[in-house]
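Trainee: Heads up: the sequence lines are chains A and B, in that order. Going by the numbering used here, the first residue of the first sequence is number 1, and it counts up by one from there. Going by the numbering used here, the first residue of the second sequence is number 1, and it counts up by one from there.
Take the hints with a grain of salt, since some may be wrong.
Think about it this way: if two alpha-carbon atoms lie no more than 30 angstroms apart in a straight line, the pair counts; the simulated DSS-like pairs of lysine-lysine are [said to hold, decoys possible]:
hint: 1; chain 1: B; residue 1: Lys105; chain 2: A; residue 2: Lys189
hint: 2; chain 1: A; residue 1: Lys271; chain 2: B; residue 2: Lys105
hint: 3; chain 1: A; residue 1: Lys29; chain 2: B; residue 2: Lys308
hint: 4; chain 1: A; residue 1: Lys271; chain 2: A; residue 2: Lys29
hint: 5; chain 1: B; residue 1: Lys205; chain 2: B; residue 2: Lys26
hint: 6; chain 1: B; residue 1: Lys177; chain 2: B; residue 2: Lys228
hint: 7; chain 1: B; residue 1: Lys177; chain 2: B; residue 2: Lys225
hint: 8; chain 1: B; residue 1: Lys225; chain 2: B; residue 2: Lys191
hint: 9; chain 1: B; residue 1: Lys105; chain 2: B; residue 2: Lys308
hint: 10; chain 1: B; residue 1: Lys205; chain 2: B; residue 2: Lys54
hint: 11; chain 1: B; residue 1: Lys225; chain 2: B; residue 2: Lys205
hint: 12; chain 1: A; residue 1: Lys30; chain 2: B; residue 2: Lys308
hint: 13; chain 1: A; residue 1: Lys29; chain 2: B; residue 2: Lys105
hint: 14; chain 1: A; residue 1: Lys271; chain 2: B; residue 2: Lys308
hint: 15; chain 1: B; residue 1: Lys26; chain 2: B; residue 2: Lys54
hint: 16; chain 1: B; residue 1: Lys205; chain 2: B; residue 2: Lys177
hint: 17; chain 1: B; residue 1: Lys205; chain 2: B; residue 2: Lys228
hint: 18; chain 1: B; residue 1: Lys177; chain 2: B; residue 2: Lys191
One-sided and incomplete, this derived list gives chain A residues near chain B with beta-carbon spacing under 10 angstroms [as the list claims (entries may be wrong)]:
hint: 19; residue: Leu81
hint: 20; residue: Met89
hint: 21; residue: Gly96
hint: 22; residue: Ile101
hint: 23; residue: Pro107
hint: 24; residue: Asp140
hint: 25; residue: Asp141
No lab work stands behind these hints: they were computed from the structure. Beta carbons are placed, not taken as given, at the ideal position from N, Cα and C, and that holds for glycine.
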Amino acid sequence: MALRRTQIADHLRQRLLSGVQLGTLAHGKKLSSVRELAAEFEVDPRVVMAAYSELEREGLVEVRSRSGIFVAAADAVEGQLQRRTADWMVNVLMEGLGRGIAAREFPDRVRQSLETVRLRVACIECNHDQIASLSNELHDDYGVDASGVDTYTLMSGPEPPTDVQRADLLVTTRFHTVEVEPVARSLGKPWMVAELRVDPFVDIARRLPHGPVYFVLADPRFAGKLERIYRESPGASNLHTLVTGRDDLSQIPEGAPTYVTRLARERLGEKGIPRQSIPEERTFSRETSRQIFSFIVRANLDAIDRPS
Amino acid sequence: MIPRRAEVTDTIRRRLFSAMHLGLVKQGGRLPSVRELGQELEVDPRVVLAAYRKLEAEGLVELRQRSGIFVAPAATLRHSDPEVPANWMVEVLMQGLLHGTPALKMPDGLHRCLETLRLHAVVVECNADQLYSVPAELRRDYGLEVTAVDLDSLDRNGWPPAAIRQADILVTTPFHKAQVDRLAPDHGTPKVVITMCSDLFVEVKRLLPATPVYFVVVDPRFAVKLHKIFEGDAGASNLRTLVIGQEDLGTIPAEAPTYLTQLARQRVGDSPLLRRVWPEVRIFSDESARHILSFIVRANLQALAGMKRA
Numbered sequence: 001m002a003l004r005r006t007q008i009a010d011h012l013r014q015r016l017l018s019g020v021q022l023g024t025l026a027h028g029k030k031l032s033s034v035r036e037l038a039a040e041f042e043v044d045p046r047v048v049m050a051a052y053s054e055l056e057r058e059g060l061v062e063v064r065s066r067s068g069i070f071v072a073a074a075d076a077v078e079g080q081l082q083r084r085t086a087d088w089m090v091n092v093l094m095e096g097l098g099r100g101i102a103a104r105e106f107p108d109r110v111r112q113s114l115e116t117v118r119l120r121v122a123c124i125e126c127n128h129d130q131i132a133s134l135s136n137e138l139h140d141d142y143g144v145d146a147s148g149v150d151t152y153t154l155m156s157g158p159e160p161p162t163d164v165q166r167a168d169l170l171v172t173t174r175f176h177t178v179e180v181e182p183v184a185r186s187l188g189k190p191w192m193v194a195e196l197r198v199d200p201f202v203d204i205a206r207r208l209p210h211g212p213v214y215f216v217l218a219d220p221r222f223a224g225k226l227e228r229i230y231r232e233s234p235g236a237s238n239l240h241t242l243v244t245g246r247d248d249l250s251q252i253p254e255g256a257p258t259y260v261t262r263l264a265r266e267r268l269g270e271k272g273i274p275r276q277s278i279p280e281e282r283t284f285s286r287e288t289s290r291q292i293f294s295f296i297v298r299a300n301l302d303a304i305d306r307p308s
Numbered sequence: 001m002i003p004r005r006a007e008v009t010d011t012i013r014r015r016l017f018s019a020m021h022l023g024l025v026k027q028g029g030r031l032p033s034v035r036e037l038g039q040e041l042e043v044d045p046r047v048v049l050a051a052y053r054k055l056e057a058e059g060l061v062e063l064r065q066r067s068g069i070f071v072a073p074a075a076t077l078r079h080s081d082p083e084v085p086a087n088w089m090v091e092v093l094m095q096g097l098l099h100g101t102p103a104l105k106m107p108d109g110l111h112r113c114l115e116t117l118r119l120h121a122v123v124v125e126c127n128a129d130q131l132y133s134v135p136a137e138l139r140r141d142y143g144l145e146v147t148a149v150d151l152d153s154l155d156r157n158g159w160p161p162a163a164i165r166q167a168d169i170l171v172t173t174p175f176h177k178a179q180v181d182r183l184a185p186d187h188g189t190p191k192v193v194i195t196m197c198s199d200l201f202v203e204v205k206r207l208l209p210a211t212p213v214y215f216v217v218v219d220p221r222f223a224v225k226l227h228k229i230f231e232g233d234a235g236a237s238n239l240r241t242l243v244i245g246q247e248d249l250g251t252i253p254a255e256a257p258t259y260l261t262q263l264a265r266q267r268v269g270d271s272p273l274l275r276r277v278w279p280e281v282r283i284f285s286d287e288s289a290r291h292i293l294s295f296i297v298r299a300n301l302q303a304l305a306g307m308k309r310a
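Sequences and hints are given; from them, build the entire structure.
Mentor: What follows is the structure, given as structure tokens:
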């Protein structure tokens, strides 16, 4: 289904504000053009323009005719960030009051819902890049103890690895449901498939017919996987995988779309990341985020109710 | 417009709470039937039933087949021991993530939005009962430091005490807004006019034409104020105010709707009255709560931004 204007505006706002918050977007920096975004979201450029106009009204971007779209001046964006945070906090605290939770108790109630029990999640994938992406995000955004498990070790031993046996939840991607499901069943453990918000695999497939796409990664097995995935796609020969520490990244031409995995970013350090790399966003889809939070919150609330 | 289920649920819940505060219902007591309420609220009985089901899920009422609807034996006012519904907490955390706050940073983030600054509120009122209940709520729910200032003491001295000049926020009720404006002319201190949650007054107004309603207070000035509030309403003469220490609480009939202010609860000691009525905790209207929270959160965020720049 084609995205509507408000969805695209939400997406762009989110990208911009988190970019500013994380320091990857500076004030005055030029943003993706209407044409680029129209291609990325597969919508009419007019829809993207309307979304940008909405952001302009909010004081987040400056649309300069003929030269492009820029992040608005620092004060405007900071002010906007602060107002949004304030509105959101007040709404959340009001909801809390409506449920009988005093504002000053609220932070602790949130903490209890997250940290009463320390949950262990095993991230199962077939290469270090994807394992690192899954487990870092689970750890950084959701605060669980995330360990990485290679599908190879999952299948090879007489019984599943300790990290899997001790885990409260197993997480994998759609590529490995076949391996993970039977293990989860035999151990009686909950498991879930992490879906990504903007699936880079879909994104890449869309770009391949139009020119070379570079993918910088750390684990050669992930390179092999990518090549298998796109073997049959139009423009498959346009996919170039580069392994950190092995391949020369300077061969990436200026301006070519370049994906860099989280693990490769870590290995390369801030300076080594190719400049034109496509910014990494929070990767889990909303549905996946919700599932993870449901699992965490329910486990914690259960633990609170259960007399120790 | 036809009220939606959520509105009907809210109405019934509020009415139930008001009735509890007034001692009109007890745990296990029978509540109006689906049919009766449907007629009174002019909605389809199925909507009322759905609302009661919701309240049953909240642990407030019990639906017994064929015999009716009752206050749950374990019902407590939502304020006393709120449960955190998992679904709601999940949404809170989702929103946090969308605002760029990872889950584990949420508690600290919220905490900083509330308590980076030690904010000082001054409550200006004209009677001991409200000078007790308003500051109590500001301290307990919002974590503010509060000084209570009696308007009459101001009139004697003729000059606002230092507390008023040093306050981060001035809090009063609509009755005294003009006086507070006079006392604290514009030197930038924000003022919040607190309106009380009106459910109780609505309930009292509903009852007055039919039956006497008793208010037990500590400060005679609050008794006078109450009479002013209901002046001109149908059955206003049915409003009975009793001042602790001046009037005999034993004259209150056993089943009469009775309301005790928070200060009165403190002073009354071990009275059978306390066993009849439910403790009441939260008195600010939603609008007022939002005002105060907005003030606190904005002040703290501004301070945080200043600290970041420095």
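Trainee: Against each hint, give a clear statement of whether it holds in the structure.
Mentor: Comparing the hints with the structure gives:
1. Between the alpha carbons of Lys105 of chain B and Lys189 of chain A the distance comes to roughly 28 angstroms, so the proposed pair stays at or under 30 angstroms and holds.
2. A threshold of 30 angstroms between alpha carbons decides the hint, and for Lys271 of chain A with Lys105 of chain B the separation of about 28 angstroms falls inside it, so the pair holds.
3. Taking the CA atoms of Lys29 of chain A and Lys308 of chain B, the gap is near 22 angstroms; set against the 30 angstroms cutoff, the hint holds.
4. Distance check on the hinted pair: Lys271 of chain A and Lys29 of chain A sit about 19 angstroms apart at the alpha-carbon level, within 30 angstroms; holds.
5. Only pairs whose Cα atoms come within 30 angstroms are accepted, and Lys205 of chain B paired with Lys26 of chain B is accepted, the gap being roughly 21 angstroms.
6. Proposed proximity of Lys177 of chain B and Lys228 of chain B is supported: the alpha carbons are some 17 angstroms apart, at most 30 angstroms.
7. Only pairs whose Cα atoms come within 30 angstroms are accepted, and Lys177 of chain B paired with Lys225 of chain B is accepted, the gap being roughly 15 angstroms.
8. With a CA separation close to 22 angstroms, the supplied pair Lys225 of chain B and Lys191 of chain B stays within the 30 angstroms bound.
9. Between Lys105 of chain B and Lys308 of chain B the CA atoms are separated by roughly 17 angstroms; this keeps the pair inside 30 angstroms, and the hint holds.
10. About 27 angstroms separates the Cα atoms of Lys205 of chain B and Lys54 of chain B, which keeps this hinted pair within 30 angstroms; it holds.
11. As the CA atoms of Lys225 of chain B and Lys205 of chain B are separated by approximately 15 angstroms, the hinted pair is consistent with the 30 angstroms bound.
12. A C-alpha spacing of about 25 angstroms is found between Lys30 of chain A and Lys308 of chain B, which places the hinted pair at or below 30 angstroms, so the restraint holds.
13. This hinted pair checks out: Lys29 of chain A and Lys105 of chain B have alpha carbons roughly 28 angstroms apart, not beyond 30 angstroms.
14. With a C-alpha separation of about 25 angstroms, the suggested pair Lys271 of chain A and Lys308 of chain B falls inside the 30 angstroms cut-off, and the hint holds.
15. Simply put, Lys26 of chain B and Lys54 of chain B have alpha-carbon atoms about 20 angstroms apart, close enough for the 30 angstroms limit, and the pair holds.
16. With a C-alpha separation of about 24 angstroms, the suggested pair Lys205 of chain B and Lys177 of chain B falls inside the 30 angstroms cut-off, and the hint holds.
17. As the CA atoms of Lys205 of chain B and Lys228 of chain B are separated by approximately 13 angstroms, the hinted pair is consistent with the 30 angstroms bound.
18. Under the criterion of a C-alpha separation no larger than 30 angstroms, the hint pairing Lys177 of chain B with Lys191 of chain B is consistent with the structure, at around 9 angstroms.
19. Interface hint at Leu81 of chain A: satisfied, since its Cβ lies 9 angstroms from the closest Cβ of chain B, which is below the 10 angstroms cut-off.
20. A cut of 10 angstroms between beta carbons decides the hint on Met89 of chain A: the least distance to chain B is about 5 angstroms, and the hint holds.
21. For Gly96 of chain A, the interface hint holds, since its Cβ comes within 10 angstroms of a Cβ in chain B; the closest pair sits about 8 angstroms apart.
22. About 5 angstroms separates the beta-carbon of Ile101 of chain A from the nearest beta-carbon of chain B, less than 10 angstroms, and the hint is met.
23. The beta carbon of Pro107 of chain A comes within 4 angstroms of a beta carbon in chain B, closer than 10 angstroms, and the hint placing it at the interface holds.
24. Taking 10 angstroms as the C-beta contact cut-off toward chain B, the hint placing Asp140 of chain A at the interface holds, the least distance being around 6 angstroms.
25. Interface hint status for Asp141 of chain A: upheld, as the beta-carbon distance to the closest one in chain B is roughly 4 angstroms, under 10 angstroms.
Comparing the model with each earlier hint shows no violations; every hint is respected.
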